[in-house]
Amino acid sequence: GEDVEQSLFLSVREGDSSVINCTYTDSSSTYLYWYKQEPGAGLQLLTYIFSNMDMKQDQRLTVLLNKKDKHLSLRIADTQTGDSAIYFCAEWTGGSYIPTFGRGTSLIVHP
Amino acid sequence: NAGVTQTPKFQVLKTGQSMTLQCAQDMNHNSMYWYRQDPGMGLRLIYYSASEGTTDKGEVPNGYNVSRLNKREFSLRLESAAPSQTSVYFCASRAGTGNKDEQFFGPGTRLTVL
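Residue numbers (the working numbering), protein chains in the order written: chain Z, 1 to 111; chain B, 1001 to 1114.
Rather than coming from a laboratory, the hints here were simulated on the basis of the structure. C-beta atoms are modelled at their ideal positions from N, C-alpha and C, and glycine is treated no differently. Hints should not be assumed to be uniformly reliable.
To be verified - Not everything, but these chain B residues come out facing chain Z in the computed CB check (under 10 Å):
1. GLN1006
2. THR1007
3. TYR1035
4. SER1049
5. TYR1064
Stated by the list, open to error - Taking CB as the label site, the calculated pair distances span:
6. B/SER1051 - Z/SER73: 31 to 39 Å
7. B/LEU1114 - Z/GLU38: 33 to 41 Å
8. Z/SER27 - B/SER1080: 25 to 33 Å
9. B/PRO1083 - Z/SER27: 38 to 46 Å
10. Z/TYR97 - B/ASN1001: 35 to 43 Å
11. B/SER1051 - Z/GLN57: 29 to 37 Å
12. Z/SER27 - B/LYS1009: 38 to 46 Å
Said to hold, decoys possible - Which residues of chain Z face chain B? A few of them, derived with a C-beta cut under 8 Å, are:
13. GLY42
14. TYR97
15. GLY104
16. LEU107
17. ILE108
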């Protein structure tokens, strides 16, 4: 079945760039998402990329997609303490009702 | 729009007690989902409803039942709670009409079973 893998933790200093990586197995994925979960809250969509794109930039966020290696990354420039959260990678295949989520990466930002 | 709402926010049960977690969405979405979140396990799908009138099992359905009461509401019932069901429960909804079709999540219900 489909699988989405992420490392569990990432620690960075405030002002540095953060790169959160994700690998997936389903080559027919249509959309790939990044969700952010702040402490005590539900998940919120941060950004997404369609499978025919290689890159998407949105202010401090850059998403890179390597379809050949089935690798997705989220880069946060100038990371702030407010970026501390759990980041979930998810993929969705058109025609399926169920997105597949990774286990989430806890980003810890040190002052 | 309130989005996805869940009640209650917190609940403590004793082993063997029953309860129903409520979820409602006001976005006219077709699909609704129940997940549980445990440390290090990410999100695990309990049940989902692709459209009004249908429900299907997810990855971890044992010990739970669901009802898609109408298009807006999707409830999760624990008939006889067990300590292993201590978790944070999230309801989500999705338009189910294609395009980027993201899921929208509720704020969660934090359940402790003693």
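Checked hints:
Annotation: interface hint on B/GLN1006 holds; nearest CB of chain Z at approximately 8 Å, less than 10 Å. With its C-beta approaching chain Z no nearer than about 14 Å, B/THR1007 sits outside the 10 Å limit, and its interface hint is violated. Taken as an interface hint, B/TYR1035 checks out: its beta carbon lies about 8 Å from the nearest beta carbon of chain Z, inside 10 Å. Hint on B/SER1049 holds. Least Cβ distance to chain Z is approximately 9 Å, under the 10 Å limit.
A cut of 10 Å between beta carbons decides the hint on B/TYR1064: the least distance to chain Z is about 16 Å, and the hint is violated. Distance hint check: the CB atoms of B/SER1051 and Z/SER73 are about 34 Å apart, consistent with the given range 31 to 39 Å. Separation of B/LEU1114 from Z/GLU38 is about 28 Å and departs from the stated range, judged on CB atoms against 33 to 41 Å. Our hint of 25 to 33 Å for Z/SER27 and B/SER1080 is violated, since their Cβ atoms are close to 42 Å apart.
Under the hint 38 to 46 Å, the C-beta atoms of B/PRO1083 and Z/SER27, about 40 Å apart, fit the expected range. About 23 Å separates the C-beta atoms of Z/TYR97 and B/ASN1001, a value inconsistent with the hinted range of 35 to 43 Å. For the pair B/SER1051 and Z/GLN57, the beta carbons lie near 35 Å from each other, so the given range of 29 to 37 Å is met. Taking the beta carbon of each, Z/SER27 and B/LYS1009 are about 40 Å apart, inside 38 to 46 Å as hinted.
Proximity of Z/GLY42 to chain B holds as hinted, the smallest CB-CB distance being about 4 Å (cut-off 8 Å). Residue-level restraint check for Z/TYR97 holds (minimum Cβ-Cβ distance to chain B is 5 Å; threshold 8 Å). The closest approach between the C-beta of Z/GLY104 and any C-beta of chain B is roughly 5 Å, which is under the 8 Å cut-off, so the hint is satisfied. Interface hint status for Z/LEU107: violated, as the beta-carbon distance to the closest one in chain B is roughly 15 Å, over 8 Å.
With its C-beta approaching chain B no nearer than about 15 Å, Z/ILE108 sits outside the 8 Å limit, and its interface hint is violated.
In summary, the numbered hints that this structure violates are 2, 5, 7, 8, 10, 16, 17.
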